[in-house]
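**Student:** Spelled out, the chains give:
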Amino acid sequence: MFRKYINKAIKYRAIETAIAHQYENQKMRCPVHLSIGQEYWLPFLKKNIAGKVRCFSSHRSHSMYLALEGDIYSMIEELYGLQTGCIMGRGGSMHLKDLGVGLEASVPIVGSSLPLALGSAFSAKHSKQRILSIAYFGDGACEEGVLHECLNYASVNMLPILFICENNLYSCNTSLAKRQPADNMTRFADAARVKTFQFNSSDSFKKIDFVLSNSIASSYSAPVFLEIKSYRLYEHCGYRIDREFGDRTLSEYNLFEKLDPIAVEINRNSTSKKLFDQTFQDIVHICSNIEASL
Amino acid sequence: MNSLSHAQTILVSTEEFLKSDPSNVLLCEGIADGFYSTIDLLSLKYPEQSYEIPCSENSMVGMALSASSYEVTTLVCLQRVEFALLAIEQLVNNSAKNSFFTDKQRNSPCLFRFVIGRGWGQGPSHSQSFETLFAQIPDINVFMPVFPNDSKLIFANFKNLHHPCISLEHRWAHYSFDTDASKNNRALSSYRVTNGKDLTVVSYSYNVLLAKAVADEFKKLNIGIEVINLFNLSQINAELIARSIAKTGLLMLLDLDDRTYSVSSEVLGKLALKDLLGCLRRPPERLSNHGIYSPSSPKLSVDYYLRGTDIAQAACDLLDLDRYIKDILLQQIALVEESVPSDVPNQNFTGPF
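Quick mapping for you: the protein sequence lines, in order, are chains A and B.
Just add 105 to wherever you are in the first sequence, counting from 1, and you've got the numbering used here.
Just add 345 to wherever you are in the second sequence, counting from 1, and you've got the numbering used here.
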């Protein structure tokens, strides 16, 4: 039933892994924040969006770019700083956007894109347009005052906005436990009386699809806060697997690696493995060609 | 001649803004309070386009910036410049960057009105202007209106500009009326407020009114002071100033605050880089308020603020005027200044803001 979407998530994993593979060559000369380990829900976002969407991301902008199905070749060109890239080489990995698919902005200042999403929702509501505005951010942004401001205003004015908080437990290399007194990001939305939803990587694809569908449907008439729990398998910024940087322990990494739904799928299904390998090779090929032309 | 005061003109311009297009919106903290009579009753007349905003300056400024990239055009009023400092993150990080990233496919033609306080015990937290701080943000248009027509021009044009506009309104300039010179200005650009052949005074915001009052007194003795209102701090018209000093050979610059990297520094830098200061017979003089913060007490703040007598004294020195003439001028200007208590803009002002 969800094969098409699972395959997309596998492709996203392959694309990100290929970027990590090529990054070592030092030709992508911009900070790259990969989303490896966090792809499992991405295809289900697009699946449930019907109509116009305006999305605002953080620095880990590959996720939204992939989720909204931005042009992959343009994205890779952007990582190489080419003028033909999706933002003409002006922003690199941290500022990815593709206006054609609704990725309006990616801002690498934590929490800074939240008011932009709010503005999109405000404009849509004032003009009575059925447009979904999405603010995509991490658990680190929940430590910024501006999140409180945005939730508060969205709630008072019933703005059509979906706050997607992807809680990957880390801000750079600092664990959530050192930064916040609780591990539940929905508590911020509760304080502003904003409706909340949650899922995590252990949930079934059926549940993930169901929660996303409900979250999106609800956010056309009132703000919604969706907390997605995930785990970043690679380092905060860069191409290496992150097993023991900062606050991480090897035992924690091993646990989440075992739970990673995309890896589980690739390991147990030869067709999935083939899809991963083929996509990986395709991206490496594209990257190699670009690198040869630099 | 426009017989409306500056505040009344802003009110009329805001109403025209709301009336002209239902997608034009007004956002203000305490919107029903009238914002110094500049938006009186508009939230009742245009309730669908009027939005109260909470004490969330950063998100509200960011929201307005972003919304103006889409279906609406936004006008935001914040009571004091100091509150806007809470929004500096959005102004710096997001004001015109999206336009850069999208090659002008996403612009933010919005207007922010931030008010500079003075007098009636405003003290050090309600009287700062920080114009250079805002003007340093790339692609933001910073205006400092003095006369009614200045604000009229801002309202008439901001929607057609690609980038956000900030109007730093001096609270005491709300009571000004147009002069022939201000009325005749047709562009969002620096202009001459008075003509004169003897001394050039480059100024902006409330200090323009001070300089004009001084120039009017000097004119009675046939001494011509050419007062230039910079008005648009993002595009200082160096050629206008150069033409004036080529004529007068003397230059005085008035900053609102005594700051490092001030507006006058920028003006002098522009002139120096174009080798346009060679015509000066004496080194330029620059004046500003005396000190870093305005004390709250009226007795103390009187010594803090730049006065007409300070400008007149410096002008006399630059012009090397006879002591007898100097005394007459200083006495006359002091007389006019002392007719109104130093902590109010006029006799009718009752505070608190």
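Keep in mind that the hints were calculated from the coordinates and are not lab data.
Heads up, some of the hints might be wrong.
If the Cβ cut is set under 8 Å, some of the chain A residues that face chain B in the computed set are [as the list claims (entries may be wrong)]:
no. : residue
1   : V212
2   : V251
3   : E254
Computed footprint of chain A on chain B; a stretch qualifies when at least three of its residues, placed anywhere within it, have a C-beta under 8 Å from a C-beta of chain A [as the list claims (entries may be wrong)]:
no. : stretch
4   : 395 to 403
5   : 407 to 418
6   : 512 to 519
7   : 682 to 695
Since this is a predicted model, take the numbers as computed values, not measurements.
The beta carbon of each residue, even a glycine, is placed where N, CA and C say it ideally should be.
**Student:** Please go over all the hints and tell whether each is borne out by the structure.
**Tutor:** Right, here's what the structure says about each hint:
| no. | hint | verdict |
| --- | --- | --- |
| 1 | V212 | holds (7 Å) |
| 2 | V251 | holds (5 Å) |
| 3 | E254 | holds (4 Å) |
| 4 | 395 to 403 | holds (count 5) |
| 5 | 407 to 418 | holds (count 11) |
| 6 | 512 to 519 | violated (count 0) |
| 7 | 682 to 695 | violated (count 0) |
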